[in-house]
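Colleague: The chain contents come next:
Number of protein chains: 2
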Amino acid sequence: MAKKSVCIVGSGNWGSAIAKIVGNNVKDSSKFEREVRMYMYEENVDGRKLTEIVNTEHENIKYLPGVKLPENVVAIPDVGAACKDADILVFVLPHQFVRSTCLKMAESVKRDAVAVSLIKGFAITDSGIKFISEIITETLGIECAVMMGANLAGEVASEQFCESTIGSKNEATGQMLKELFGTSYFRCTVVEDARTVESCGALKNVVGIGAGIVDGLGYGDNTKAAVIRLGLMEMIKFCEVFVPGSKMETFFESCGIADLVATCHGGRNRMLGESVVRTNKTIRELEKEILRGQSFQGPLVAKEIFEMFQERKWVERFPLFVAVHKICKREMEPKNFIDCLREHPEHMQ
Amino acid sequence: MAKKSVCIVGSGNWGSAIAKIVGNNVKDSSKFEREVRMYMYEENVDGRKLTEIVNTEHENIKYLPGVKLPENVVAIPDVGAACKDADILVFVLPHQFVRSTCLKMAESVKRDAVAVSLIKGFAITDSGIKFISEIITETLGIECAVMMGANLAGEVASEQFCESTIGSKNEATGQMLKELFGTSYFRCTVVEDARTVESCGALKNVVGIGAGIVDGLGYGDNTKAAVIRLGLMEMIKFCEVFVPGSKMETFFESCGIADLVATCHGGRNRMLGESVVRTNKTIRELEKEILRGQSFQGPLVAKEIFEMFQERKWVERFPLFVAVHKICKREMEPKNFIDCLREHPEHMQ
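Protein chains in written order, with my numbering: chain A, 57 to 405; chain B, 57 to 405.
Incorrect hints may appear among the rest.
Note: identical chains are not told apart, hence a pair may lie in one copy or across any two.
Simulated pairs of lysine-lysine, DSBU-like, Cα-Cα distance not exceeding 30 Å [unchecked claim]:
#  : residue 1 : residue 2
1  : Lys369    : Lys87
2  : Lys382    : Lys166
3  : Lys166    : Lys83
4  : Lys391    : Lys124
5  : Lys303    : Lys225
6  : Lys59     : Lys391
7  : Lys225    : Lys344
8  : Lys124    : Lys186
9  : Lys225    : Lys293
10 : Lys140    : Lys303
11 : Lys293    : Lys303
12 : Lys225    : Lys382
13 : Lys382    : Lys369
14 : Lys391    : Lys234
15 : Lys293    : Lys234
16 : Lys369    : Lys105
17 : Lys344    : Lys87
If you're looking for bench data, these hints aren't it; they were derived computationally from the structure.
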């Protein structure tokens with residue numbers, strides 16, 4: 057069988073960490089091509105092009121400083137050139153750029169390529185929210201799996217043991233991706249319930265902001281545990297409504313409770329929630345300060361699902377998600393978040 | 057209806073925190089007697105009796121310093137005198153003292169009294185492990201409910217919002233206990249699946265030690281999330297085997313994932329796990345140092361269940377629980393705990 061070639065579409069914090077894993081895994085593989093192309097949105101850093109820095113110094117000094125990337129990872133600023141001839145496309149862009157990037161790729165992508173999305177979020181369409189993997193499938197006409205889990209990028213880059221969940225309806229694709237991504241410190245499990253895996257990845261960031269809000273208010277582990285529990289119940293409820301056939305077992309995979317717990321303790325959206333309480337800055341200002349201009353995914357997802365809840369008159373059914381949105385918008389006092397916990401339906405119907 | 061009188065059997069860290077809640081709740085109640093008796097094992101602290109200090113200064117200066125107890129909480133060093141005439145017995149002793157304490161109480165306890173156990177652990181009998189609530193029911197001949205949740209004592213004492221789960225087969229008892237314990241910052245939910253609630257309370261401390269071990273080894277949130285996830289799966293598996301009729305929903309209550317997460321981040325057993333890695337001290341030495349001589353519950357439970365697994369040839373089915381036990385006994389190197397995570401059965405059968 058011909059070796060498969062891999063293109064990583066995106067090169068931020070998580071994209072660079074996964075490029076390190078993939079680059080090392082394919083080096084001596086009989087199944088994958090040695091060169092891994094990585095699409096990188098071109099930026100100037102200290103007067104030099106970021107792609108040039110990556111290709112000479114093998115380090116993404118802007119988004120993952122201090123971590124060496126394998127030399128066989130090659131940064132390319134043109135997405136069409138990067139994805140041409142690739143058999144496997146690993147999507148790891150901020151979710152608001154997926155559609156426009158796919159449109160630029162459409163001409164170049166192989167018809168039998170396979171995609172996997174590592175993107176946390178939903179896409180907005182006129183008819184409501186949509187899965188990122190669906191957008192990829194629709195715009196490129198190819199199959200799209202997902203991979204989500206308790207995978208804070210910095211810790212993955214420093215090779216600390218963690219788990220991840222691959223969601224793929226196609227078992228062969230799932231097994232191939234497991235070989236592409238799995239290492240002794242990055243353990244992948246494959247499940248078929250891909251839509252639930254993807255929903256968890258989007259929704260956990262909303263709960264993560266909630267965890268940061270209680271941190272900012274000065275509460276401890278008991279209160280945060282209540283946020284995590286009630287947040288998880290809203291995630292499950294959400295999937296019951298939006299993901300036909302969603303399985304409870306999926307929430308017990310790394311993409312479910314594990315990622316939720318990691319996000320609520322060490323994630324960037326948790327940090328955002330804390331800053332929203334402790335400062336008067338807007339989300340935009342905090343993005344500039346904390347993420348060097350990248351977007352926090354949590355507030356975007358919170359806004360998208362809030363609008364959908366409004367339309368369908370479901371605002372009361374997801375009080376925690378809604379409270380996070382309103383606090384991010386400065387339409388609700390952070391201290392009232394505790395009332396939301398106190399009055400939360402004890403058992404979801 | 058006659059007012060019910062309450063006795064708290066135990067007065068450590070958690071016992072004192074719950075005495076504060078109960079004392080305040082009964083003060084102006086039409087359902088409960090104003091005086092709450094609290095059995096306190098007598099100790100000398102700085103040349104004075106601890107009961108005397110509590111009854112004059114209204115503070116347990118040894119186990120919950122800095123927190124004022126309501127004046128209507130009265131410490132009594134004789135357990136027979138403390139529990140005489142009580143309608144509700146709140147058990148909150150270290151689990152190894154339950155049977156001997158119950159035997160001392162047997163003569164004095166009212167035949168129609170109701171008990172509730174806040175004790176985390178199992179009891180050992182010749183035929184294997186046994187629930188604490190069963191021991192109470194057997195020795196005293198009375199009904200026994202349980203209450204467990206994400207309730208780190210110090211945070212409850214400082215009135216930070218949290219949730220707790222009451223497990224009671226008898227709905228009326230559950231509702232009565234909810235009135236006794238519930239406050240605006242301590243939210244109680246009643247479930248019927250009491251044995252699962254109680255199992256969670258015992259087992260989470262074993263997982264908590266595991267979380268401390270990865271902290272001690274220098275790993276971050278991703279790795280800890282894997283410990284929590286795999287620990288939860290072993291907890292569920294344990295209940296499938298030992299708790300006929302155990303319900304999955306119960307793990308989504310505060311006693312389940314919420315308490316597990318809080319324990320793995322802020323609990324005393326987490327601290328123990330970290331110290332086991334970072335020092336060469338024995339559990340006994342660490343108890344003296346960290347708990348002023350009280351026992352950590354996690355190592356005891358780990359040992360009890362390990363012995364039972366051995367007898368039933370189930371050691372391979374609970375690798376995380378077993379590894380925690382062996383590391384506490386210094387029979388396994390802490391660094392090998394990561395292998396246990398790496399090789400853990402992906403999906404429990």
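Colleague: Hint by hint, note whether the structure agrees.
Modeller: Tested hints:
1. Lys369 x Lys87: Neither. Shortest intra-copy (50 Å) and inter-copy (41 Å) distances fail the 30 Å Cα cut-off.
2. Lys382 x Lys166: Neither: 43 Å inside a chain and 53 Å across chains, both beyond 30 Å.
3. Lys166 x Lys83: within (23 Å within a copy, 75 Å between copies)
4. Lys391 x Lys124: between (43 Å within a copy, 26 Å between copies)
5. Lys303 x Lys225: Both: 13 Å inside a chain and 29 Å across chains, each within 30 Å.
6. Lys59 x Lys391: Classified as neither; 56 Å inside a copy, 37 Å across copies.
7. Lys225 x Lys344: Classified as neither: same-chain Cα gap 38 Å, cross-chain 54 Å, threshold 30 Å.
8. Lys124 x Lys186: The answer is neither: 36 Å in one copy and 54 Å across copies each exceed 30 Å.
9. Lys225 x Lys293: both (22 Å within a copy, 27 Å between copies)
10. Lys140 x Lys303: Cα proximity of Lys140 and Lys303: none, with 36 Å in one copy and 51 Å across.
11. Lys293 x Lys303: For Lys293 and Lys303, the Cα distance is within 30 Å both inside one copy (11 Å) and across copies (18 Å).
12. Lys225 x Lys382: neither (36 Å within a copy, 40 Å between copies)
13. Lys382 x Lys369: Within one copy only: 16 Å inside a chain, 54 Å across chains, cut-off 30 Å.
14. Lys391 x Lys234: between (43 Å within a copy, 26 Å between copies)
15. Lys293 x Lys234: both (29 Å within a copy, 26 Å between copies)
16. Lys369 x Lys105: Classified as neither; 48 Å inside a copy, 61 Å across copies.
17. Lys344 x Lys87: neither (41 Å within a copy, 57 Å between copies)
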